[in-house]
Amino acid sequence: MLIVEIFVNSTLIGKETALRVKGGTKASDINTYELSDGTLIKHKYGDGAARLAERMMKHLHKRGEKVHAHIR
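Oh and the sequence shown: position 37 is 37 in our numbering, straight run, nothing missing.
Incorrect hints may have been included.
To be verified - Within a straight-line C-alpha distance of at most 27 Å, the following computed DSS-like cross-link-like pairs (lysine-lysine) qualify: (1) Lys44 x Lys15; (2) Lys44 x Lys22; (3) Lys22 x Lys62; (4) Lys42 x Lys62; (5) Lys58 x Lys15; (6) Lys42 x Lys15; (7) Lys26 x Lys42; (8) Lys22 x Lys58; (9) Lys42 x Lys58; (10) Lys26 x Lys44; (11) Lys44 x Lys62; (12) Lys58 x Lys44; (13) Lys62 x Lys15; (14) Lys58 x Lys26; (15) Lys42 x Lys22.
Just so you know, the hints here were simulated from the structure itself, not pulled from any lab data.
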């Protein structure tokens with residue numbers, strides 16, 4: 001599972017998770033990931049976690065989700 005959180009100072013303003021539900025760990029494997037809202041996306045394993053995180057943040061932005069959680 002990959003978890004991406006965005007903070008501004010101590011305020012959480014966005015969070016997305018991606019759970020691999022199908023695929024493997026070879027660079028050429030095309031995996032299926034389930035995002036926190038149930039959306040399924042395909043991602044080439046060899047493209048790396050940063051590319052998957054970028055796609056997760058684009059999805060979060062499209063949803064317009066605003067998460068506010070104060071961290072103590």
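Which numbered hints fail: none
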